[in-house]
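K.L.:
Each chain, written out:
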Amino acid sequence: MFICVGILLHSPHCNKMLPDAAGFSPRAMLAKGLNRFLMTHLTPGKFASVIGLAVLLLLAGCATPPPADDPDAVAEFEQMNDPLEPMNRTIFDFNDWLDRNALKPAALAYRAVTPEFVREGIANAIANLKSPMMFLSDLLQGNVTRGGVTLSRFVINSTVGVAGLWDPATKMGLPGHYSDMGEAFALWGVDEQFYLVLPLFGPSNPRDAIGLGIESTLDPLSYYMNDNHLRWASWARFLVTGLSQREAYIETLDDVKRTSLDYYSAMRSLYRQRRESQIQDARTGDWAPAQP
Amino acid sequence: MKIFPPHLRLPRAFAAVTLAVAVLLSAPASAQKSSDDAKSFIQDLAQQAITTVANRNLSDKDRTDNFRRLFVASFDLPQISQFVLGRYWKNATPEQQQDFIKQFQELQVLNWTQRFKDYKGENLAVTSATKDERGFTVDSQLNHPPAQPLPVQWKIHQGDDGKLLVTDIVVEGVSMAITQRSDYGAMLQGNGGKIDALVNALRTRNDQMRAANGG
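Line by line, the protein sequences give chains A and B. 149 is the number that the working numbering gives to position 149 of the first sequence; each next residue is one higher, with no gaps. Remember, the working numbering sits 292 above the position in the second sequence when you count from 1.
Quick caveat, the hints were computed from the structure, so don't treat them as lab data. Some hints here could point you the wrong way.
[Said to hold, decoys possible] DSS-like, lysine-lysine: derived pairs with alpha carbons at most 30 Å apart:
| # | chain 1 | residue 1 | chain 2 | residue 2 |
| --- | --- | --- | --- | --- |
| 1 | A | Lys257 | B | Lys486 |
| 2 | A | Lys104 | B | Lys412 |
| 3 | A | Lys257 | B | Lys382 |
| 4 | A | Lys257 | B | Lys412 |
Being a predicted model, the structure only gives us computed values, none of them experimental.
Starting from the given sequences, assemble the full structure and let the hints guide the process.
P.N.:
Next up, the structure:
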């Protein structure tokens, strides 16, 4: 995926010009980083298969822009900012197939076998486990106050809240916030670049996908678990997180599917608006601990 | 004013007062609404929804009819439909526009009636209302324990007759109108802007939902 993105960044094939964010060029940054990656890791065999994959994706993956004599359509195309739409739709369909046949049935089963309070406890514990990584993201955003709240929540919920199963911190005036690396990049001024659907992870964009990749390597909890031969615990956490989050959104996604004529476009719009709302919250939110 | 000789000032003052009273009396019956009016409007709407739509003892037909009545009276459907069709609205004939409004309205009615059937005691708490350039924005929270309350924002404006009408609902930062505009816009773009294709697709979807709800 990143190799494809890297090649696309170099190629003029996709007519969409990637915007440069104010102040510095994320495109140049991505290009340089990917160049370095490719130089150090590519062997001839890998190179051949990458070229093959790239050609396939370049031919199949790029959207055809509307004719230039229809300014409304051109404006709409630019605003939609989805130059990889055909490829995205394929991946989206694959994700949907996986969801219908594996993830949603598992989430329904999870809901059927667990009482509500158990699901709530698990959701709390999962959010708590993400705290170390969120703490790093808060600091990268330059938000020391919010980082302090995240850290306090982690300490309180892990001890008083018994491994995060309960959330006494909120009642103490330290409500939870959401934070991730992609958000940090957004606050630095990096735009989404364009819409990208990731296999399994779903709607995203290059900035957030890179954030996701960095998080999986930087997560303090992962280091602890790998050092202590607890790699299976990482996988268990990954699976339970997916299950817990999918269960929470069963009705919402059913609703979107039922009422939308083009599920892909509806999800693209929904994801983008939600993401923008999260980033706005991080930018302008009042993070001082509330009075209990 | 020096123009008027002293003996004409009293009658002039009298004329001014008469004019002022006449203006006040002829002012439109629908006065300018305030933020408090907007808050009450949403509170009322939520209350009516709970009593006339979410009620478990209702028959399906009554539930649907009640919701439709409430929906049409409280939402500015022509305005929302025009927004959702976006740049394709002006290319549609008046007949196509009416067809679209009708099918679009039915889609919302069928979907929401079904969701109200699963009502589990959720309630809407209106927190604040602010005036903006188009009308009002009312902030509220949908309480559905044990999950966290859901932030729901209502965009309202005053219709031509002065009544308050909803033009959009924004849930966790996601606008229903914008999402639907993207959805239908993509569909129209895919088949060359034919409104009839969109209206037919909506009609088919409505039939499917009717069958699913009834079954």
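K.L.:
Does each hint hold? Answer for all of them.
P.N.:
Each hint, compared with the structure:
1. A:Lys257 - B:Lys486: holds (22 Å)
2. A:Lys104 - B:Lys412: holds (22 Å)
3. A:Lys257 - B:Lys382: holds (28 Å)
4. A:Lys257 - B:Lys412: Holds: A:Lys257 and B:Lys412 sit about 22 Å apart, inside 30 Å.
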